[in-house]
Each structure stands twice: as C-alpha cells, then as structure tokens.
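Visitor: Those protein sequence lines, which keep their order, are chains A and B.
Those letters in the first sequence? Residues 24 to 219, per the numbering used here, in order.
Those letters in the second sequence? Residues 1433 to 1537, per the numbering used here, in order.
A few of these clues could be false.
[Claimed, not checked] Calculated lysine to any residue pairs in the SDA-like style (CA-CA distance at most 20 Å, straight line): (1) Lys1507(B) to Ala50(A); (2) Lys109(A) to Ser120(A); (3) Lys113(A) to Phe1457(B); (4) Lys1507(B) to Gln31(A); (5) Lys139(A) to Trp77(A); (6) Lys113(A) to Arg190(A); (7) Lys113(A) to Arg1451(B); (8) Lys109(A) to Lys1448(B).
[To be verified] Partial selection, computed: residues in chain A whose CB lies under 7 Å from chain B: (9) Thr86; (10) Thr89; (11) Met107; (12) Leu200; (13) Phe211.
Calculated directly from the structure, the hints in this document are not laboratory data.
All C-beta atoms in this analysis are idealised placements derived from N, C-alpha and C, irrespective of residue type, glycine included.
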Amino acid sequence: MEIPYTIQARPDTGLFNAKLGIWLFLASEVMLFGALFSTYILLRTGAETWPRGWEELNIPLATLNTAILITSSVTMVMSWASLMMKDFKKYRRYMASTILLAFGFLVVKGFEYGHKFELGHFPSTSNFFAIYFTLTGLHGLHVIGGIVVNSYLLGPGSKMWATQPGRFTNRVEIAGLYWHFVDLVWIFLFPSLYLL
Amino acid sequence: MADEMHAADHSIDIRKHVRTYIAVFVALLALTLITVSVSYLHLSIVPAVIVALFIAVVKGSLVGSYFMHLISERKLIYAVLLLTAIFFAALMFLPLEHMSDNLSR
Chain A
24 MEIPYTIQAR PDTGLFNAKL GIWLFLASEV MLFGALFSTY ILLRTGAETW
74 PRGWEELNIP LATLNTAILI TSSVTMVMSW ASLMMKDFKK YRRYMASTIL
124 LAFGFLVVKG FEYGHKFELG HFPSTSNFFA IYFTLTGLHG LHVIGGIVVN
174 SYLLGPGSKM WATQPGRFTN RVEIAGLYWH FVDLVWIFLF PSLYLL
Chain B
1433 MADEMHAADH SIDIRKHVRT YIAVFVALLA LTLITVSVSY LHLSIVPAVI
1483 VALFIAVVKG SLVGSYFMHL ISERKLIYAV LLLTAIFFAA LMFLPLEHMS
1533 DNLSR
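Construct all of the structure, not just a fragment, from the sequences and the given hints.
Guide: Shown next as structure tokens:
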C-alpha cells in the first residue's frame, strides 16, 4: 500500500503529512525544553547565591559552538534548496558539511565537559552545574539524533532521490526543521547559561 | 512527474531564498557577536537578562521565520504553534508564581 500525502498536500490540512507530524513533534520538544528552562528559572530565583555564567563557563568556546551551529543551520537549508534546484551534488556537499559541523559542535562540547570534569565540576557539584549539564546534555543528545538522521539522508536514504525526488526533498525539509529547532534551542541556551 | 514540475516552478523562487539565507546567516553571526560583547560589560542581572533575551528572541525569530519558513506557512501550523506558545507561557509563569510567594512572605 502506498503511503498517502508524502508529496501532495492533504486537502484538509494544506500540508503533506510529515510536515504536520514534525511540527507536532517540535511542539512537544518546546514543552520538554520549556519544563527544564522553567526549572532553571525556579532554581535560580530561589537560590541565595547563583554564579554568573562567565564565572564558571568558557564563553569563547561556547561562542565558537554558536557560530558552528548557526553555520550548520545555513548548510542544512542550503542542502534542501539545492534539491529544490535539482542539484544533487550540491545537496551532498551541503549535507556532509552539516554533519561535519554537528560533529565539530560535539567535539568542542567534549573539550568543555572534559575541562569541567578536570576541575571537579559534576552535575552533583551544585544546582548551577546540575542544570548546566542537564540542559546542554539533552541538547547534545538532540545533536546526535540530528547526525543520525542526516547521515541516513546523505547515505542509504539518498537512493530515494533517483526514484521519488519530491518525497526525498520533503524528507530533507523535515530533517531540516528538526535541525533548525536544535539550533533554536542553543540560541536560547547559550545566553541563559553562559552570558547571564 | 507532478512533483518534479512542482519543484521546477519553485526553482526561481529558491534562488531568491538563497540570498535571504545568506543575509540571515550574517545577521545571526553579528547578533551573536553583539550579545557576547555585551556580556563582557558585566551588567547587573536585570539589564543583562533584558538585553540577552531580546537578542535571543530576534535571533530565534530569524531562524524560525526564514530557515523554518514560518514567514509563509499554512494556518494549521500557526494554530499548533499558538497552542504551544500558550502552554509554554504557562510553564514560564510557574516560577513567577513562586517569586511572588517569596515576596509576600
């Protein structure tokens, strides 16, 4: 049986099904991260003292990671735009760049975590480090999830381009929406944890 | 194939979009530099929160509007996001409730 509305929009929603699906998923993700942000505000406003981000965390490394993630968002949207312009070679280049940048983000994050551990800073050290490791750790897991999906779309999943280009383009768009969300979360995490 | 024609119709639009993506990219990098620079001024917490969150909201809006195409999306997506925004606001309101508890004590 053929899966309906993978390319054409469903008449009642005006969307292909996966588009609505990913947005509902992202809505649930907003609530997941929202609950943790809310917890962060509660812990911080209720604490007698709370360190400013720059006292404990490495701003230059986090700024570098912000630039890496923003760049990966651009390469992701360019990979989709390349498919829309029927340029599969460019798509592969941009998608590979997106994945490499995501790995770059994780490597920088790894250095940051490693340094914290060397200093004896663990999630159990304080509420500050508990929320820092929880929020950045959950975000890091999302980055890994993005790498898995994007690697599939660069590797075995890209065979679909030869048989169903429209459906494949939509898949890349959906993966892109997820990836931009991961970028969006970092855009709020970065100032909240490091700069305030 | 119908979807190929659909894609071809959009290829000219897409070229325009690509220019927008580059402009948004530059704006996001510039805003990142601004927010980091401001953090080195070591402002007190209230103005620091206002500036940092304002810049983050602008950056987030750029990503949402252009990379996630929310600037021209279907009504149903806006409806989903409106509902999400209401519940998200409720989550953010919970700590405020706790703060007013502290003040009244």
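Visitor: Work down the list of hints and note, for each, if the structure agrees.
Guide: Going down the list of hints, with the structure as the test:
The straight-line distance between the Cα atoms of Lys1507(B) and Ala50(A) is roughly 15 Å, inside the 20 Å bound, and the hint therefore holds. Distance restraint check for Lys109(A) and Ser120(A): the Cα-Cα separation of roughly 18 Å lies within the 20 Å cut-off, and the hinted pair is therefore satisfied. The suggested pairing of Lys113(A) with Phe1457(B) holds, with an alpha-carbon distance near 19 Å, which does not exceed 20 Å. With a C-alpha separation of about 17 Å, the suggested pairing of Lys1507(B) with Gln31(A) holds against the 20 Å cut-off.
Distance hint between Lys139(A) and Trp77(A) is fulfilled; the C-alpha atoms sit about 13 Å from each other, no more than 20 Å. Between Lys113(A) and Arg190(A) the alpha-carbon distance is near 18 Å, which keeps this suggested pair within the 20 Å criterion. This hinted pair checks out: Lys113(A) and Arg1451(B) have alpha carbons roughly 16 Å apart, not beyond 20 Å. Simply put, Lys109(A) and Lys1448(B) have alpha-carbon atoms about 15 Å apart, close enough for the 20 Å limit, and the pair holds.
Hint on Thr86(A) holds. Least Cβ distance to chain B is approximately 5 Å, under the 7 Å limit. With 7 Å as the threshold, the beta carbon of Thr89(A) comes within range of chain B, its nearest partner Cβ sitting at about 5 Å, so the hint holds. A hinted interface residue such as Met107(A) counts as satisfied when its beta carbon comes closer than 7 Å to some beta carbon of chain B; here the least separation is about 5 Å, so the hint holds. Because the smallest distance between the Cβ of Leu200(A) and any Cβ of chain B comes to about 6 Å, under 7 Å, the interface hint for this residue holds.
At its closest, the beta carbon of Phe211(A) sits 5 Å from a beta carbon of chain B; the interface hint therefore holds under the 7 Å criterion.
The structure meets every hint from the earlier list without exception.
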